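Novice: Let the sequences and hints guide you as you build the complete structure.
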Amino acid sequence: MHECPVCEAEVPISEDPVEGELLECEECGTELEILALGPITLGEAPDAEEDWGE
Amino acid sequence: MRVGFLHSLIRKDEKLLIAELRKRGDMELVFLDDRRLVFDLEGRPPVDVVLERSINHSRAMHALRLFEGVGTVCVNAYEVARRCGDKILTAASLRDHGVPQPEVRIAFTPESALAAIEELGYPAVLKPAVGSWGRLLSRVNDRDAAETILEHKAILGSYHHSIFFVQRYVEKGGRDIRSFVVGDECVAAIYRTSDHWITNTARGGRASNCPVTAELAEISLRAAEAMGGGVLAVDIFEAGGGFLVNEVNYTMEFRNSIDVTGVNIPERIVSYLRGVVR
Ligand SMILES: Nc1ncnc2c1ncn2[C@@H]1O[C@H](COP(=O)(O)OP(=O)(O)OP(=O)(O)O)[C@@H](O)[C@H]1O
Ligand SMILES: [Mg+2]
Ligand SMILES: [Zn+2]
Numbered sequence: 003m004h005e006c007p008v009c010e011a012e013v014p015i016s017e018d019p020v021e022g023e024l025l026e027c028e029e030c031g032t033e034l035e036i037l038a039l040g041p042i043t044l045g046e047a048p049d050a051e052e053d054w055g056e
Numbered sequence: 064m065r066v067g068f069l070h071s072l073i074r075k076d077e078k079l080l081i082a083e084l085r086k087r088g089d090m091e092l093v094f095l096d097d098r099r100l101v102f103d104l105e106g107r108p109p110v111d112v113v114l115e116r117s118i119n120h121s122r123a124m125h126a127l128r129l130f131e132g133v134g135t136v137c138v139n140a141y142e143v144a145r146r147c148g149d150k151i152l153t154a155a156s157l158r159d160h161g162v163p164q165p166e167v168r169i170a171f172t173p174e175s176a177l178a179a180i181e182e183l184g185y186p187a188v189l190k191p192a193v194g195s196w197g198r199l200l201s202r203v204n205d206r207d208a209a210e211t212i213l214e215h216k217a218i219l220g221s222y223h224h225s226i227f228f229v230q231r232y233v234e235k236g237g238r239d240i241r242s243f244v245v246g247d248e249c250v251a252a253i254y255r256t257s258d259h260w261i262t263n264t265a266r267g268g269r270a271s272n273c274p275v276t277a278e279l280a281e282i283s284l285r286a287a288e289a290m291g292g293g294v295l296a297v298d299i300f301e302a303g304g305g306f307l308v309n310e311v312n313y314t315m316e317f318r319n320s321i322d323v324t325g326v327n328i329p330e331r332i333v334s335y336l337r338g339v340v341r
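Top line first, the protein sequences correspond to chains A and B.
Numbered by this note's numbering, the letters in the first sequence go through residues 3 to 56 in order.
Numbered by this note's numbering, the letters in the second sequence go through residues 64 to 341 in order.
Bear in mind the hints are in silico, worked out from the structure with no lab data behind them.
One or more hints might be untrue.
Some chain B residues judged to face chain A by a derived CB distance under 7 Å, without partners named [stated by the list, open to error]:
#, residue
1, 74
2, 96
3, 121
4, 193
5, 312
6, 315
7, 316
No experiment lies behind these values; they were computed from the predicted model shown.
The beta carbon of each residue, even a glycine, is placed where N, CA and C say it ideally should be.
Specialist: This is the structure:
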C-alpha cells in the first residue's frame, strides 16, 4: 500500500514502476514522483518550469 | 548495445519507451537522470547511444552537447535540439531549407514588436521563443491588446520575454496536424482538433488519425531534414494554399497517438536506435 504524501489516500502503483515515474493522486490531484523503488517512496513532483515541454 | 536513457520525470511516453527497450534482448537500458548527472567534459557514459527524453529543454540541450563532445551518439543530436527548442532558430532553419511556414517577424523591443504586429495585421500570434505545450501564447486581436501584452511582458517577464516571436494567425479550420518522423520515414500523423485556437493535446485538443499522404510525408520529411533529422514531431497547419510548418518538436510526445493511428511509435523509435549505432 502506498500513501499520497499530501492527502494520505492510497495511490496505486503499476507493476513495473521506475524511479522518477510521474503519478497523479486521484484523490487530491497532486502530481507525485516515485523517488525510490525499494521500498517505494513517493514525493511531490517538481513544478513545471518555463522550458519544460517537447 | 547499451542505450542511455536521458530523463527527468518519467511520464507515460517514457514508460512506453522503457517497456519497448526492455523487450529487446540485444539492448541494455542505462538510466541517466539529468538531476543526478555531473559532467567533467572528459568522462564518457558507458553507453553506445543516448536517447534523450528529458522534459527540460535547457538540460537536454546542454547534456546532448556534452555527450556528443566525448563522442557519444545521441538521438536527437544536439544541433537538432538547439534548433527545435528555439522558435527563432526553427524559423531560420525552415527558411534556409525552403520549407513553407506561417509569416513571421522577430523583434527585440516592445516598440519594434508592436510595429511588427501592426505590419502582420490582426489577429497575430505572439509566442515565447522557448516554450511548449501552448503555454504563454497570445492571440493578439487588436492594437489595445498588443500594447497591453507587450507592457506586461516587459514588466513581468524574464529576459527571454523581451525576444518577441510574432506569427501571422493562420485560419486552420479548427485543427492542425502533428506528424511523426522517424529517420527517413513519416510513420504516422494525427489531427488535433479543438474549439480553442490552441489545439495542443496538452491543452485539451482531441487526437484522431490523419492519413499520411505523399504530400504530407514530403513536407514532414523536409521539415525534419531542415532541423537535422532524427526522431521528430512536425506541427503543420492546413492553410488555403497548402501546408505550413509551425514547428518541430525534438522530444516528441506520442502517448495519445498510438491507439488512434494504430502505429507502435515507441517500437519504431527503439528500432531506429539500432541503425544509428551501426
Ligand atoms: N500562427 C498561428 N495561427 C493559428 N494557430 C496557431 C498559430 N500558432 C500556434 N497556433 C496554435 O497553438 C498551438 C500551439 O502553438 P505552438 O506549437 O507554436 O506552441 P508550443 O507551445 O510550442 O506547443 P508544442 O511545443 O507543445 O507543440 C498550435 O498547435 C496551434 O493550434
Ligand atoms: Mg507545437
Ligand atoms: Zn493525494
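Novice: Holds or violated: residue 315 of chain B as interface residue toward chain A, Cβ cutoff 7 Å?
Specialist: holds, 6 Å
Novice: Is the hint on residue 96 of chain B kept, meaning its closest Cβ partner in chain A is under 7 Å away?
Specialist: holds, 6 Å
Novice: Any CB of chain A closer than 7 Å to the CB of residue 316 of chain B?
Specialist: holds, 6 Å
Novice: Should the interface hint for residue 193 of chain B be scored as holding, given a Cβ-Cβ cut-off of 7 Å against chain A?
Specialist: holds, 6 Å
Novice: Using Cβ atoms only, decide whether residue 121 of chain B comes closer than 7 Å to chain A, and label the hint accordingly.
Specialist: holds, 5 Å
Novice: Does the CB of residue 74 of chain B sit less than 7 Å away from some CB of chain A?
Specialist: With Cβ-Cβ at 5 Å, under 7 Å, it holds.
Novice: Is the hint on residue 312 of chain B kept, meaning its closest Cβ partner in chain A is under 7 Å away?
Specialist: At 4 Å from the nearest chain A Cβ, residue 312 of chain B passes the 7 Å test, so the hint holds.
Comparing the model with each earlier hint shows no violations; every hint is respected.
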